[in-house]
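Asker: If you read the sequences in order, they're chains A and B.
No gaps in the numbering here: position 254 of the first sequence is 261 in the numbering used here, and each next residue is one more.
No gaps in the numbering here: position 40 of the second sequence is 47 in the numbering used here, and each next residue is one more.
Hints in this document: simulated from the structure, not taken from any laboratory.
There's no promise every hint is true.
No copy is singled out in the list; a pair is fine if it fits within one copy or between any two copies.
Computed list of lysine-lysine pairs in PhoX-like fashion (alpha-carbon distance at most 20 Å, straight line) [said to hold, decoys possible]: (1) Lys101 to Lys252; (2) Lys167 to Lys101; (3) Lys211 to Lys157; (4) Lys252 to Lys302; (5) Lys302 to Lys211; (6) Lys60 to Lys162; (7) Lys101 to Lys9; (8) Lys74 to Lys157.
Remember, it's a predicted structure, so these values are computed and weren't measured experimentally.
Number of protein chains: 2
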Amino acid sequence: MKSNLDVVNDCDSFPYYDADPQAYTELVSSYYELFTQPKSKPVGYVLPWVVEKMPWDDSLWVVDHDKKQIYPKLTQSKGFDATLRKAREIGAFKVLEKWRNELYTVHRENGLDPVGDPTITVERSGSPLFGVVTYGVHMTTYVNTQEGMKIWVPKRAKGKTYGGLFDNTVAGGIATGEQPLECIVREAAEEASFPEELVRSATKPCGTISYFSFRDKRAGGESGLLQPEVQFVYDMEVSEDVVPKPCDDEVEDFRLWSVDEVQKAISESLFKPNCALLLLDFFIRHGILTAGNEKDYVEIVSRLHRKLPFPTATTM
Amino acid sequence: MKSNLDVVNDCDSFPYYDADPQAYTELVSSYYELFTQPKSKPVGYVLPWVVEKMPWDDSLWVVDHDKKQIYPKLTQSKGFDATLRKAREIGAFKVLEKWRNELYTVHRENGLDPVGDPTITVERSGSPLFGVVTYGVHMTTYVNTQEGMKIWVPKRAKGKTYGGLFDNTVAGGIATGEQPLECIVREAAEEASFPEELVRSATKPCGTISYFSFRDKRAGGESGLLQPEVQFVYDMEVSEDVVPKPCDDEVEDFRLWSVDEVQKAISESLFKPNCALLLLDFFIRHGILTAGNEKDYVEIVSRLHRKLPFPTATTM
C-alpha cells in the first residue's frame, strides 16, 4: 500500500535542487544541455550515453563535449528529423522502434527567434532522447450518483505500454498544431466514443499538472530517459446514462468506480503512474483529499505542479 | 495594465534556481540558514542585516558566522520568544511594532525530533525576520447569477496593511493549534459575518497556493524580508440572498463583482498581491482562464504552487 506521496514520488522522480543542491548539481552537470540557439535557455537534457549513440551529423549540429552543450547549425526541426531517422535506420535506440509519425513541438523561450524555424518539432518517439518537455491532455469523467461520486476508469489494452494498468477516462499526447481542447475532443471520440457535442458542452479545463520523470521499462524502450511533462487537465461531469465505449485499440474496457475503489487501486500501483497524479489533483480540487485527511497535502499540491527547468508552451 | 504573469511575478518574487543557477546561489549563500537541529533541513533564511541587529542570546542560540548557520541551544520556541521580546524591547525591528500576541508554527522536516520542543512556535510579527514558512486560509465566495458568475470582494480598511486594496472574500493566518477548516470558519464569522453552519456546509477545500515573496513597504515594517507562504484554498458558492457584512475592523465593505470586474482590478494592481494569486487559481480551476485565452497558462499554474525550499506542514 503506497501513500499518495509515494505515488507522486514514483512519477515525479527527478530530484529537486533545494532537497540536495550538491547531488542535483552533480546529476544535472553530467547531462548535455540542448539549445535552440546559443543565447537561449536549454530546452532539454541529453544523457551522455544517448549523446554517444546518436548519429549526429556535423552539418546539422554542434556537439560541444567540453561544455556539454548541443546546438543546431541550421534548423532544429531538420536536425531532429534527419538525425532520428538515421538513428532509427541503424537501430541505435529501442524507443525509436515505436516510431509514431507524429510530431511534438519543442517550445522555446518566449520571444526568442529560432534558427530559421518558426515551429521546432521532433518525432514523438524520439522526444525522450532529447529530454524535451512533452504535452498531453487528460480528462476525468465522473457521475454524481445517489451513492456518491463515481469515476469512469479504463483499463489499458494488454499489448500497449503500461498494458493492463488503469488510466484516466480519456488521455493523449498533443501533436504539433493541435490545441489542447481539440485534442481532448479527438481523443474522447477515439478512446471512449464520446460524441463531440457532449465533450464540447460538458468538459471543463481545470489547469495543468506537471512532473519530471525518469522513464522505466514499462514505458517501453530504454530505461532512465528523461521525461518532463505537462498535462492539460479537464473534468467532465456526465449523467448516469452516458457510458464510454472503447473505439480504438488503446483501451480494453471501462468500469464505473467509486472514489474508494479508485483510491485503493492508486495505492496498489494499479494506475499508470502519471494518471494517478491526475486523479490526486482531481481529488484535491473536489475536496476529497484535504488538509484534514492527507498529511502530505501541502507537499503533494506543489509536486503535482512542478515548475520544469525548461521553457514551457506559451501558445500551443 | 499588468498581465497575469506580471501579477504572479509581483508576489512570487524570489528567484528560481533553474532560471539562473549562479545568481540564485549567490543570493541564497548570502543568507544565514536557520535550523531546528544540526542535521535537519533549514526551516528559514535570515538576512545578514537581520542577523546583525538581532539580540541573539548565547545561552539560547549558536550563530555560526563562518558557516552562516543558526541553531537553537535549548528549545527553539523559547529562543524565538525570548529573542523577539528582547528585540522588540530595544526597538531593533519595525515589524515587531505590530506585535500580534499570536503564535505561528514552524514546521520542520517530518519525523525529526526537535530539540526538546514538540511544536516550534514563533510570534507572528517576527516570522519574516526568520524567513520561515507561514500558513493561511483564503476563501472565494461566489454566486452563479443569471448574468454569470459574481464574486464577493472586500476592500481592506484604510488603517490596515495594504489598506484600500481589494482582498479575497475571507482570509487569515493559521495560528498554532488551529486546523485550516476551523480557521476559515472563524475568519468567515469575523470578517464577513457568515454563519458557522453556512460555512461548514457550503465551503469546499480546493488545494493550496504557495509562493515566495520579498516583503515590500505595503506589508509594513522593513522591506526585503523573506516571506515563503502556503495558503489553504477554499471555494464557497452561495445564493444571491447571502450577503457578507464586515464584523471586525479588517474590511471596509463588500462588493459583488463580475469576473470581468475582478480581472480588470487584478490587472490594475488593485488587489493585495497574494489575493490576486488566489483569484488566478480560482479562475483556472473554474475554466475561466484557459490554455486558449491565457498565453502563460502553463507557467502560471506551476508558479501558483511553488515548492518551497523548506519543509512544509504535514499536520497543522
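Asker: Now tell me if each hint is right for this structure.
Answerer: Outcome of the hint check:
Within a single copy, Lys101 and Lys252 get their C-alpha atoms no closer than 32 Å, and across copies no closer than 65 Å, so neither meets the 20 Å cut-off. Proximity of Lys167 to Lys101 under the C-alpha cut-off of 20 Å is restricted to the intra-copy arrangement: shortest distance 15 Å within a copy versus 63 Å between copies. Both within a single protomer and between protomers do Lys211 and Lys157 lie at most 20 Å apart by alpha-carbon distance, with minima of 17 Å and 18 Å respectively. For the identical chains of this complex, Lys252 and Lys302 are neighbours neither inside a copy (37 Å) nor across copies (34 Å), given an alpha-carbon limit of 20 Å.
In this assembly of identical chains, Lys302 and Lys211 lie within 20 Å of each other by CA distance solely across copies; the values are 18 Å between and 29 Å within a copy. Proximity of Lys60 and Lys162 under a CA criterion of 20 Å is satisfied in neither setting, with 36 Å inside one chain copy and 62 Å between copies. Taking the closest pair of Cα atoms, Lys101 and Lys9 never come within 20 Å of each other, the shortest separation being 31 Å inside a single copy and 48 Å across copies. With identical chains, the CA atoms of Lys74 and Lys157 are never at most 20 Å apart, being 53 Å at best within one copy and 55 Å at best between copies.
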